[in-house]
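Going line by line, the protein sequences match chains A and B. Heads up: the first sequence runs through residues 743 to 1061, numbered per our numbering. Heads up: the second sequence runs through residues 743 to 1061, numbered per our numbering.
Don't take every hint at face value.
Claimed, not checked - Derived coverage of chain B by chain A (criterion: at least 3 residues anywhere in the stretch with Cβ under 8 Å from a Cβ of chain A; other residues may be distant):
| # | segment |
| --- | --- |
| 1 | 976-987 |
| 2 | 997-1009 |
To be verified - So these bits of chain A aren't anywhere near chain B, every CB distance computed over 10 Å:
| # | residue |
| --- | --- |
| 3 | Val757 |
| 4 | Gly789 |
| 5 | Pro809 |
| 6 | Ile873 |
| 7 | Val921 |
| 8 | Pro990 |
| 9 | Val1023 |
| 10 | Leu1039 |
As the list claims (entries may be wrong) - Looking from chain A toward chain B, a few residues come up when the C-beta cut is under 7 Å (computed):
| # | residue |
| --- | --- |
| 11 | Met743 |
| 12 | Leu744 |
| 13 | Met981 |
| 14 | Asp992 |
| 15 | Ala994 |
| 16 | Leu996 |
| 17 | Pro999 |
| 18 | Val1001 |
These are computed hints drawn from the structure, not numbers from a lab. We treat Cβ as the ideally placed atom computed from N, Cα and C, and that holds for glycine.
Spelled out from the first residue to the last, the chains are:
2 protein chains.
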Amino acid sequence: MLAIYFDGQPAIKEVPRPEPGPGEVLIRVHLAGICGTDLQVLRGYHGFQGVMGHEFVGEVAAPEDSPWLGRRVAGEITIGCGACDLCRRGLAGHCRQRQVLGLKDRDGAFASYLTLPAANLHAVDPEIPDIFAVFTEPLAAALRVLEVAPVSPTARVMVVGDGSLGLQISWVLALSGAVVHLAGHHPEHLALARPRGVAAFLSAELPAGDYDIVVEASGSPSGLELALTRVRPQGTVVMKSTYVDRYPLDPAVLVVPEVRLVGCRCGPFAGALRLLRDGRVDPRPLIHRTFPLARGLEALAWAQCPGVLKVLIDCRETD
Amino acid sequence: MLAIYFDGQPAIKEVPRPEPGPGEVLIRVHLAGICGTDLQVLRGYHGFQGVMGHEFVGEVAAPEDSPWLGRRVAGEITIGCGACDLCRRGLAGHCRQRQVLGLKDRDGAFASYLTLPAANLHAVDPEIPDIFAVFTEPLAAALRVLEVAPVSPTARVMVVGDGSLGLQISWVLALSGAVVHLAGHHPEHLALARPRGVAAFLSAELPAGDYDIVVEASGSPSGLELALTRVRPQGTVVMKSTYVDRYPLDPAVLVVPEVRLVGCRCGPFAGALRLLRDGRVDPRPLIHRTFPLARGLEALAWAQCPGVLKVLIDCRETD
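The task is simple: from the sequences and hints, build the whole structure.
What follows is the structure in structure tokens.
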């Protein structure tokens, strides 16, 4: 089968179709999305080698006796060992021996087929088109913010960063009824937030006042600096993005105003699928372009262009 | 009256007895304690000038018509303006125009008398000797940990730092029934923790395993480094101490394991007074020596010696 394979450089190549192991299924990938973390893989993130990609929607193609056979699915991307202390404590997502689809020790979704444990699957309702369902993983990551920092309808919240993730976070936060401000640098991205109840500003033009919760999704130390400057005493800064640079943290900035800084990663697929099914979140404005898998290198190149939000890969055409 | 006055250098000098303003009382100070923050004042913290000191127990001496007259009291140290948005939101402790006893725009407790708003006072039960009651403020600060990071009796908790605050935190955490480890550098301090249900270790000799909650009370970036290394995924690091150095924070250290980093400052006096009254916390082993106010400079010098825990100042003798 065709795949985007990374071993220091990305390449389109023929690789063997994977075989599902015990408890696993084979999934024929329909659509896959390129995420910021995939771009970090290109720069050596975790020293990953293998088939790239972790955002996808597809249909189960094997084994024949699986109750999932023929069903359309999204899939959680982390696979714990099931045996260590963290897995036994219910923290399989943080297992030290974990595999992560297309990111760590597990071939990913930029391919005609992938395998995942059946336990990782979520059925995609027939009402949800592929072009919506491919956003399940990033939308779930956006929803995770609400799990780590519950947002009251009376809250004032700011999202820093107007990339694909920042926009999705601002959309789901606005569904809570809270006052949501988005701070970014791309007027054309900020324009995608405003019709959904988000007040969007160039960072330099933010109104005065502090925020109960600030979500840092900019991927740069200056975003964290802005977040810590604008969060209120006893407020919460949710850190959603990683980057190579270190942030020089002054402990007094947290201790004196009793601010909390909360890391936040993968989120609840079921909630994301409900929002997509019910039309509460329409991700289509995020899509820049869709490439066939055979032109995956072009897709990766576009995803790295300034101001480009989501690039999709159609993995069916080459099958 | 006599006072330890700081204006770039500490000095014992005669200053005018303060006059209580509207809603305030005059307090004759019995005992005062020297805290790490007082030592930071000596190094220029906040550019404070005035009478030093914020840990105290005393008795109300004026006005004559106060219901507090003659009562023994401890006092909360922060005074909000009462009018700003933070005060109106119930965050007076974080008021931007706040005064803080002996630390910011308000003369403090290393003196024969101080003034505070009556609203800041807590009655000290007659069963609580002065030598216990003078620990109300630091013990309340230790209890604040339990407010920002609720400790389950099934939790594994580590306190980093075996100074006076770290010891008090380890004592109150052990009262929760949780497994509490203390990591420090002074065998003689670690020995003060062990009889109270705390397993105490030199930092280099900590047992393996991670912690649900780590409290950083060491006052150094290496303490935060240890905390972030040993906290479990989705665990909490409570930051209790400030210091001049910046900590070079790698955002991935919080984002990937979804760790939370929580600043923590002043705490509940009422709970501290209950623990002192009921003999749940006996602070006396922390006391290195008590000096009369007239020898306050000696007291400050002792408080800066390596391994010295709490130095007290008896403010009555010179009145």
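| request: Would you check whether A:Leu996 satisfies its interface hint, that is, whether its CB is within less than 7 Å of any CB in chain B? | output: Hint on A:Leu996: holds, closest Cβ of chain B at ~3 Å, below 7 Å.
| query | Against chain B, with CB atoms and a cut of 7 Å, does the hint on A:Asp992 hold up? | reply | For A:Asp992, the interface hint holds, since the closest Cβ of chain B sits about 6 Å away, which is under 7 Å.
| request: Could you check if A:Val1001 really has its C-beta closer than 7 Å to a C-beta on chain B? | output: 5 Å, holds
| Non-interface claim for A:Pro809, where every Cβ of chain B lies beyond 10 Å | Its Cβ never comes within 10 Å of chain B, the nearest being 31 Å, so this holds.
| field | Cβ separation check - A:Val921 to all of chain B, threshold 10 Å | value | 15 Å, holds
| message | Using C-beta distances, would you say chain A covers the segment 976-987 of chain B, given that this needs three or more residues below 8 Å? | response | With 6 residues closer than 8 Å to chain A, the segment 976-987 of chain B meets the three-residue bar; holds.
| Is the hint on A:Ala994 kept, meaning its closest Cβ partner in chain B is under 7 Å away? | For A:Ala994, the interface hint holds, since the closest Cβ of chain B sits about 4 Å away, which is under 7 Å.
| query | Taking C-beta pairs only, is A:Val757 more than 10 Å away from all of chain B? | reply | 28 Å, holds
| task | Report holds if the minimum CB distance from A:Pro990 to chain B is greater than 10 Å, and violated otherwise. | result | 4 Å, violated
| chain B versus A:Leu1039 - minimum CB to CB distance exceeding 10 Å, so not interface | 27 Å, holds
| query | Going by Cβ atoms only, is A:Met981 closer than 7 Å to chain B? | reply | 5 Å, holds
| query | Are all beta-carbon distances from A:Val1023 to chain B longer than 10 Å? | reply | 23 Å, holds
Of the numbered hints listed earlier, those contradicted by the structure are 8, 11, 12.
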